[in-house]
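Visitor: Please take these sequences and the hints and turn them into a complete structure.
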Amino acid sequence: MMATEAINSNSGPSLKEQYSKAISIYSKLEDCGLSGSDPEYQKMVSQAIGLFSECKQKVESLSLFSSNEILEDINTGDLRFILLDAYLGETILQAVSQDRGADLSNANEHLRAFLGRLEEYEILTKSDKQYLLSELGQLTLSADLRRNEKIARFKMERDVKIQLKALTEQLQLKDQMNANSGEVDVDDVERQILMTTIQLFIQKSIASLRMIKDEKEMLEFAKKRSETEQRTSMSISGSSADRVESRVAHRKLADLTGPLMDAKGKPLRPFIVRSQREAIKENVFKSGHNLPTMTIDEYLEREIARGNFLSGGTERPEKVVAADNDDAAIEAEMYKARAFDEFKDENPRGWGNRHNKG
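When you line the sequence shown up against my numbering, it's residues 1 to 358, in that order.
Worth double-checking, as some hints may not be accurate.
[Stated by the list, open to error] Calculated pairs, DSSO-like style, for lysine-lysine (alpha carbon to alpha carbon, straight line, at most 27 Å):
#1 K129 - K174
#2 K56 - K155
#3 K150 - K56
#4 K155 - K16
#5 K213 - K126
#6 K126 - K28
#7 K264 - K28
#8 K126 - K150
#9 K161 - K28
#10 K224 - K204
[What the hints assert, rightly or not] Pair by pair, the computed Cβ-Cβ distance ranges are:
#11 S235 - C32: 17 to 25 Å
#12 E282 - Q230: 33 to 41 Å
#13 L164 - L34: 51 to 59 Å
#14 D188 - S226: 49 to 57 Å
#15 S226 - M156: 50 to 58 Å
#16 Q230 - L145: 37 to 45 Å
#17 S226 - K264: 48 to 56 Å
#18 S226 - E282: 58 to 66 Å
#19 K224 - S53: 47 to 55 Å
Derived from the structure by calculation, the hints contain no laboratory data. Positions of the beta carbon are idealized from the N, C-alpha and C atoms, including for glycine.
Guide: Printed below as a string of structure tokens:
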């Protein structure tokens, strides 16, 4: 009895049933033609990952594979589960999640586990290991060798697919014959199909590991660039704020100390026109203002006592009028008026102020 049959009696689907269902969903993912971001596609991806993960846990609990045995020791029914890590890794790569880096690391772990198990059973050839190292940048090959190796791998994968299709058709034919006669052995064909599928996934895994390496480098580069841009943005924002504050402070200082108008009379800043009287009035009783020590009358009395004020002389002199009986005075007044009239006749108004024009 195979080891996998040990848990078939438990309630729920058996390991073989779960594995077959997971393979069926994986095949649909390859052939459905839906976009990788399509919700229906991602739903199938999640289902496949869940089924493959459950199968892997059951296989590990059964300890189906051991480093102490060789490939020939593994029966065909158990050999199929050696592909679990390959299926898991490839399916996880199709998932769309918020943490792409974690998905890449998870897929990388499963694919390496798959290739490591094949190396233990000497299924992974020396050529496969060299090609893997060259794809991961751990082994340097010349451009010609690398190109030729890629071409050879492409042809190998194409031939493996053709062979796998032929073996699958052969198995279906034998299944029909077995259903009729019940005597046809299909174990050899099933084992050939498994070994061919393993070869196909070797090529897929190497290509996927190279893709994971490149995508991780891109994510790391994008992360560093984002951090650099964020630091630069913060620095620019800080500098801009400092410059704005500096300009505001400079403008305020200019408003307080700068000139009111330019040479052409254009106002440079807002101002209020006030009289000197109002300015003096506003400063009354402020710091530096001297309070009066005497009244105005006291001040005048002190100044008069010092002789700083002259008294008298404020009355207008009385005009002397000649008496009617003073003939001499009247005659003198008449001659004075006559002389003044003659002077006005000889010197008309404006004479002597004609600038030699008259």
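Visitor: If I claimed the Cβ atoms of S226 and M156 lie 50 to 58 Å apart, would that claim hold in this structure?
Guide: 40 Å, violated
Visitor: Take a quick look at whether K264 and K28 sit within 27 Å of each other, Cα to Cα.
Guide: 84 Å, violated
Visitor: CB of K224 to CB of S53, is that within 47 to 55 Å?
Guide: Given a distance of about 33 Å, which is not inside 47 to 55 Å, the answer is violated.
Visitor: Does the Cβ pair D188, S226 satisfy 49 to 57 Å?
Guide: 56 Å, holds
Visitor: Is it true that the CA of K155 sits at most 27 Å from the CA of K16?
Guide: Distance ~32 Å between K155 and K16 Cα, so the pair is violated.
Visitor: Is the Cα-Cα distance between K161 and K28 27 Å or less?
Guide: Holds. K161 to K28 sits at ~17 Å (cutoff 27 Å).
Visitor: Hey, K213 versus K126, does the alpha-carbon distance stay inside 27 Å?
Guide: Holds. K213 to K126 sits at ~22 Å (cutoff 27 Å).
Visitor: K56 and K155 were given as a pair; does the straight-line alpha-carbon distance stay at or below 27 Å?
Guide: 31 Å, violated
Visitor: Cβ-Cβ distance between S235 and C32: within 17 to 25 Å?
Guide: Between S235 and C32, where Cβ atoms are some 49 Å apart, the hint is violated.
Visitor: Do the beta carbons of E282 and Q230 sit within 33 to 41 Å of each other?
Guide: 54 Å, violated
Visitor: So the hint says 58 to 66 Å: do the beta-carbon atoms of S226 and E282 match that?
Guide: 59 Å, holds
Visitor: Just tell me: holds or violated, for the beta carbon distance of L164 and L34 against 51 to 59 Å?
Guide: The hinted range 51 to 59 Å is violated for L164 and L34, with Cβ atoms some 23 Å apart.
Consistency with the previously given hints fails for numbers 1, 2, 3, 4, 6, 7, 10, 11, 12, 13, 15, 19, ordered from lowest to highest.
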